[in-house]
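Protein chains in written order, with our numbering: chain A, 1 to 363; chain B, 1 to 363.
Source of the hints: derived by calculation from the structure; they are not laboratory data. Among the clues, some could well be false.
To be verified - Below, simulated BS3-like cross-link-like pairs (lysine-lysine); rule was C-alpha separation at most 25 Å, straight line:
1. K134(A) to K134(B)
2. K3(A) to K208(B)
3. K296(B) to K278(B)
4. K208(A) to K3(B)
5. K48(A) to K48(B)
6. K301(A) to K333(A)
Protein chains: 2
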Amino acid sequence: MSKITSEQMRFWSPEVRELEPYVPGEQPKIQNLLKLNTNENPYPPSPKVVEAVQAVLENSADVLRLYPDPDASLLKQAIATQQNIDASHVFVGNGSDEVLAHIFKAFFVQEQPVLYPDITYSFYPVYSQFFGVKTKILPLNDDFEIVVNDYKQANGGIIITNPNAPTSIALGLSAIEEVLQSNPDSVVVIDEAYVDFGAESAVSLVAKYENLVVCQTTSKSRSLAGLRVGFAIAQPHLIAALEAVKNSFNSYPMDRFAIAAAVASFDDQAYFEAQCQKVIDSREKLVADLAAMGLKVLPSKANFIFASLPHKDAGELAAELRQRGIIVRYFNKPRINQYLRITIGTDEQNQRLVDTLKNDILA
Amino acid sequence: MSKITSEQMRFWSPEVRELEPYVPGEQPKIQNLLKLNTNENPYPPSPKVVEAVQAVLENSADVLRLYPDPDASLLKQAIATQQNIDASHVFVGNGSDEVLAHIFKAFFVQEQPVLYPDITYSFYPVYSQFFGVKTKILPLNDDFEIVVNDYKQANGGIIITNPNAPTSIALGLSAIEEVLQSNPDSVVVIDEAYVDFGAESAVSLVAKYENLVVCQTTSKSRSLAGLRVGFAIAQPHLIAALEAVKNSFNSYPMDRFAIAAAVASFDDQAYFEAQCQKVIDSREKLVADLAAMGLKVLPSKANFIFASLPHKDAGELAAELRQRGIIVRYFNKPRINQYLRITIGTDEQNQRLVDTLKNDILA
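Build the full structure now, drawing on both the sequences and the hints.
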């Protein structure tokens, strides 16, 4: 894009001139790269997803021309059934990024600052700036763990990614309950984008805590990153705030294909569990292989690992991997600029990474 | 939904407690209703749309698990080709409602108020409240026309639906140029959701005016309401503001099915033109039939008409039509509460409406 002159800038809203947007992981358009950089699932979605979209197409004359259900009721019900809750506890959105954006607007525009860790999902500061949310950033400890006691101060809300990203480290439910109980007047959001790969979900706490919002996505554990379906689970008085925000922004965020495909995914629990287990098994093997080569790998409950090499610059390592056709995510930021975030691939893909390191880069 | 207590309300952001969300037209879940209430197209989308989604499905293992292109470059290029402009002038979003939301944030959060008519798309006041945009509402004249001279006062932006909704009346390009020239320091947005049914598009003015944003949708003229694809066309320094806003809210709003299907629609210009002409022809016939029965019908350039009966309450008429299986849109609002907005159906559907009025309700 060519440079925008200050004269042209007069058309922008003043606050928009200051925005520092989120930068998503690279989606390369070249083929044959081993893409371990955006935490996608190496396996396809349930075959029932394809069947469900086929069924929409067979009826396309009648449905594509018509607006979708603005409430996506079928999808809310499918999620509710799978999560063993009532559909009145479910909110859906165009990817969990949209759900999180609505969460920031619905709950966090407060006098007091929102609390979150220094190392976490890098969209949180972006949402905060976008909606004018005050923030107080709390450092993880030296082992990259969340310090629960830090979350017992005055605040206008709390958001914790669990397992955290990009660290991959999970917090137990007792720690989350401690945060919930210490903040009875604040909304506590647990962002569980990666929870299905071995961490404990806080959905089981929703009935007990009127201040809890759990956010999840179909992008990782359900292999539907290409579809854009995220959701939140909370008591109805919190869901109502999300609906008020959504209906002040976009009435129909979920298209007919997304609704049908996601419903089919939630209906196929056996496939879901099997694929998650495959990723977990592959992760444990990869962690062992990398540890054996001297890499430091943080304890992961996610579909990625966060790893470093004591005697090699992480940025250089990422560049050398890329030269060999393997993309991983490198964050050139304080505290984590000597780590790489590596998505778990299939066993064959992970072996290619291990072999490239062992026989080539570190040989 | 059960009532929310004031104690539960403490969790909501204070500004969200005050929101008055948009209420979309009813999407009834019962069958066999003649649905003339949400301005959907009576014809299916291009057969190439179905083929394009089929092609995605055939490759689903490789694509659904992967994030879509966050820039939706293929879609921007398809729109640019069809509109005969450069792709750098195109912004895409999850329905034109999302595009309009981003427009309000990107350009209209200003010291001066945004100008728009008293009778227009009822989402504009909702966006204004949501983003804290000041507004100054300018009445249409007694013939429900926009008074161009009113749009020559200090403002922080202007938005005009053209053809206007729910009035169906179009403004000519010379009037729009007058507004653009009178406001060289404000962004002027022309919301052309219905432009393809006989009005003149301002896209031809984008190269000439650095303050013009044109917004369109695939929901009406391309029969893709079920898909959620809208777009804006403007010079790159304005597109950049929309991208900054979008990337501060949701990086990947367009899913892989939506991108593929919309590209196929824009590639099939012949089908598009033929379907639009069919709707226009049906509209002219319906207007003549209703006028012959004594209804007052405003001059329409849209895929709907705005009509009233001199001796019958419009709200009652809507209710009586509904009892007979025909849904139209009734707005119980000042100035327009004696009009009905009626979507143009197929000739057969329109005849059913005419017959029901002639032989039954008005018999």
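Hint check results:
1. Between K134(A) and K134(B) the CA atoms are separated by roughly 23 Å; this keeps the pair inside 25 Å, and the hint holds.
2. As the CA atoms of K3(A) and K208(B) are separated by approximately 19 Å, the hinted pair is consistent with the 25 Å bound.
3. Annotation: proposed proximity of K296(B) to K278(B) holds, straight-line Cα distance about 23 Å (limit 25 Å).
4. At roughly 19 Å between alpha-carbon atoms, K208(A) and K3(B) fall within 25 Å of each other, so this suggested pair holds.
5. Straight-line distance between C-alpha atoms of K48(A) and K48(B) comes to about 24 Å, which keeps the hinted pair within the 25 Å bound.
6. At roughly 23 Å between alpha-carbon atoms, K301(A) and K333(A) fall within 25 Å of each other, so this suggested pair holds.
Checked against the numbered hints above, the structure violates none of them.
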